[in-house]
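K.L.:
Read off the chains here:
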Amino acid sequence: MSHNVNRRQLLALAAGGAALASAGTPRRAEAKTRTSARIVIIGAGAAGTALANRLVRRLDGARITLVDPRVEHLYQPGLSLVAAGLKPADYVVSKTTDWLPDGVELVAERAEAIDAEVKSVTTESGRSLDYDFLVLAPGLVLDHDAIDGFSLDLVGKNGIGALYAGPSHAAATWQAASRFVEEGGVGIFTRPETEMKCAGAPLKHTFLIEDITRKAGNRGKADLHYAAPQGSLFGVPIVAEKVRMLFGDRGVTTHMKHTLKSIDPGAKRAVFEDAEGSRQEMGYDYLHVIPPQRAPEVIRQSGLAWADKWTDQGWVECDKASLQHLRYDTIWALGDVAGVPKGKTAASVKWQVPVVEDGLVAAIEERTPTETYNGYTSCPMITRVGRAMLIEFDYDNNLVPSFPGVIAPLEELWISWLMKEVALKATYNAMLRGQA
Amino acid sequence: MKELTFETLLAVFEEIFGAGLFWTMVALAVVVTLAYLFVLIRDRHIAWRKFLLAQVSMPFGAVAAVWFVLTMTHSQLADLGGPVDVILMLGIAGAGAVGAAILVYTAQSLVQARRPE
Ligand SMILES: Cc1cc2nc3c(=O)[nH]c(=O)nc-3n(C[C@H](O)[C@H](O)[C@H](O)COP(=O)(O)OP(=O)(O)OC[C@H]3O[C@@H](n4cnc5c(N)ncnc54)[C@H](O)[C@@H]3O)c2cc1C
Chain A
0 MSHNVNRRQL LALAAGGAAL ASAGTPRRAE AKTRTSARIV IIGAGAAGTA LANRLVRRLD
60 GARITLVDPR VEHLYQPGLS LVAAGLKPAD YVVSKTTDWL PDGVELVAER AEAIDAEVKS
120 VTTESGRSLD YDFLVLAPGL VLDHDAIDGF SLDLVGKNGI GALYAGPSHA AATWQAASRF
180 VEEGGVGIFT RPETEMKCAG APLKHTFLIE DITRKAGNRG KADLHYAAPQ GSLFGVPIVA
240 EKVRMLFGDR GVTTHMKHTL KSIDPGAKRA VFEDAEGSRQ EMGYDYLHVI PPQRAPEVIR
300 QSGLAWADKW TDQGWVECDK ASLQHLRYDT IWALGDVAGV PKGKTAASVK WQVPVVEDGL
360 VAAIEERTPT ETYNGYTSCP MITRVGRAML IEFDYDNNLV PSFPGVIAPL EELWISWLMK
420 EVALKATYNA MLRGQA
Chain B
0 MKELTFETLL AVFEEIFGAG LFWTMVALAV VVTLAYLFVL IRDRHIAWRK FLLAQVSMPF
60 GAVAAVWFVL TMTHSQLADL GGPVDVILML GIAGAGAVGA AILVYTAQSL VQARRPE
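Chains as they are written, first to last, in numbering that gives the first Met the number 0: chain A, 0 to 435; chain B, 0 to 116.
Source of the hints: derived by calculation from the structure; they are not laboratory data. No experiment lies behind these values; they were computed from the predicted model shown. Any given hint could be a false lead.
Partial list, computed: chain A residues near chain B (C-beta under 8 Å) [unchecked claim]:
1) Arg386
2) Ala407
3) Leu409
4) Glu411
Label pairs and their in silico Cβ distance ranges [as the list claims (entries may be wrong)]:
5) A:Trp309 - B:Val97: 50 to 60 Å
6) B:Trp66 - A:Pro340: 40 to 50 Å
7) B:Ala34 - A:Asp89: 49 to 59 Å
8) A:Lys260 - B:Ile86: 30 to 40 Å
9) A:Lys214 - B:Leu109: 37 to 47 Å
10) A:Leu398 - B:Val85: 16 to 26 Å
11) A:Leu325 - B:Val97: 50 to 60 Å
12) B:Phe59 - A:Gly60: 57 to 67 Å
13) B:Leu87 - A:Asp101: 35 to 45 Å
14) A:Ser261 - B:Leu76: 42 to 52 Å
15) B:Ala34 - A:Ser35: 51 to 61 Å
16) A:Asp89 - B:Leu87: 28 to 38 Å
Here a beta-carbon is modelled for each residue, glycine too, at the ideal position from N, C-alpha and C.
Modelling step: build the complete structure from the supplied sequences, incorporating the hints.
P.N.:
Take a look at the structure:
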């Protein structure tokens, strides 16, 4: 709560001015499309919720059903801050139902099977939901079992962190990391070989722990290593170069083409496989694990995934501009589960939702859709407590800055830090409500 | 950022503070502004003695605003990394200074008006 009060004062002036200028502006009212279509959305996370809120405003009479067993809604971008001791665990937690609009049904169950031929989804209790249109937004699953010797109950103890696993594990990660900050030693920061959500997060964690160690006066005792299966530090070449320079400046040693395979938590040793396929063992005092990431079981089982791409990961086969399934024109993919080359961030969801909304409404109205997704992905790359780079890019690895000439994308800026620390959650929440 | 419209901005502010608090703050800002306009119109001139005291409060307002923002956002002055950061910081200081001045001036005028002549 104290955040609220303080931010109130911080932004009172701007807010007051904004409200004054807008006084009397009515909310835009759009003509609704009448339909009796049955729309099923699998997943009520960032993507499913935002879409549902927008669809109820566009459609009159549609039966919209969300399927999701998860009671808690997680603001996942906040996990990086929790794991650096900058926010409490409950900063990221709310309730799924807090965000859902009136007039939609939530089936609080896991979707277990999809039959795209008969257009039906079966839930874990055996309930079958027939649909006219289906949106796949179940996010992704973290495959912790892929790393031998690792299990989630190790997190927080013996120098092991895993901030992706959720709010309590992110808080436990900070417990382990804060010991490293005090005592120093060897810190190893990893990323998986698969596609992953927010590819900047492994880097952010490295930068944050480096900075906090430095500010604690213990940088001399700490030896930081970043190990990744890829050949470069980031998927966008110009950003990879910038990160390479920053790691050089901060004294972080990089080990490219190193895939974390197993750990021995008792002996505090991690085993990597290198480019030649040979074993490389490294001792650690702090190890940060981000496991391989894959589409949920229901997608991989239902025959809706790519057959010739990402075969070990199972992302939905869809058109990268319209997000419509390539074989079933009544199905769309949205969010992390989509089999497109970029875009596993909440910021991408914000750009994808209007595209799927338009595709769906156009199908109902029997017209051609006009909106397309260009791969927009954004990642406020924290480079130390108090500074970040606002990195935004598209399918073609072009930088697409929102504030060109004002906020330079490859410069470490305080204003970009403020975007992540203050504005991002608010923008995310506004997106959930379908307002951004 | 997609569709950075005025509505989006309002939605973002509502989210930062919660809708109730946000609109209460807006109301407070409006009240202070109206009170300031009220004393200007009522007195029909700027009272330079009050203005002097108001001016004295400005540096305090500026420093308080900057300190407050830095503390709230886990930041330090050393984090300013480019021109836009400096401009933003000057803006915050300026806002703090002007806010303090308006508040002090208005408060003085209102208090004085209540005194029997
Ligand atoms: C540590 C971290 C840092 C991040 N930082 C950023 C950042 O700085 N900026 C940014 O833009 N993004 C960031 N992200 C990414 C962002 O959080 C995700 O991209 C976003 O949440 C994706 O939304 P989604 O709806 O696809 O998935 P989710 O929000 O994960 O929601 C998926 C939902 O589907 C449900 N589900 C799963 N399987 C089933 C099933 N079989 N049946 C029914 N329901 C199911 C789940 O319960 C869940 O509620 C970060 C993520 C992490 C983990």
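K.L.:
A separate judgement is required for each hint: does it hold in the structure or not?
P.N.:
Here is how each hint holds up against the structure:
Contact between Arg386 of chain A and chain B, as hinted, is supported at the beta carbon level, the nearest pair being about 5 Å apart and thus within 8 Å. For Ala407 of chain A, the shortest C-beta to C-beta distance to chain B is roughly 6 Å, which falls under 8 Å, so the interface hint holds. At about 11 Å, the closest approach between the beta carbon of Leu409 of chain A and any beta carbon in chain B exceeds 8 Å, and the interface hint on this residue is violated. Proximity of Glu411 of chain A to chain B holds as hinted, the smallest CB-CB distance being about 5 Å (cut-off 8 Å).
Between Trp309 of chain A and Val97 of chain B the beta carbons are some 55 Å apart, a value that agrees with the proposed interval 50 to 60 Å. For the hinted restraint 40 to 50 Å between Trp66 of chain B and Pro340 of chain A, the CB-CB distance of approximately 45 Å keeps it satisfied. Hint check: Ala34 of chain B to Asp89 of chain A, Cβ distance near 39 Å, so the stated range 49 to 59 Å is violated. Distance hint check: the CB atoms of Lys260 of chain A and Ile86 of chain B are about 49 Å apart, inconsistent with the given range 30 to 40 Å.
The hint said 37 to 47 Å for the Cβ distance between Lys214 of chain A and Leu109 of chain B, and at roughly 46 Å that hint holds. Between Leu398 of chain A and Val85 of chain B the beta carbons are some 23 Å apart, a value that agrees with the proposed interval 16 to 26 Å. A hinted range of 50 to 60 Å for the beta carbons of Leu325 of chain A and Val97 of chain B is consistent with their spacing of about 58 Å. With their beta carbons about 59 Å apart, Phe59 of chain B and Gly60 of chain A fall inside the hinted range of 57 to 67 Å.
A hinted range of 35 to 45 Å holds for the C-beta pair Leu87 of chain B and Asp101 of chain A, which are about 39 Å apart. At about 46 Å, the beta-carbon gap between Ser261 of chain A and Leu76 of chain B stays in the expected band of 42 to 52 Å. The hinted window of 51 to 61 Å between Ala34 of chain B and Ser35 of chain A holds, with their beta carbons roughly 55 Å apart. In this structure the hint that Asp89 of chain A and Leu87 of chain B lie 28 to 38 Å apart at CB holds, the actual value being about 29 Å.
Of the numbered hints stated above, those contradicted by the structure are hints 3, 7, 8, listed in ascending order.
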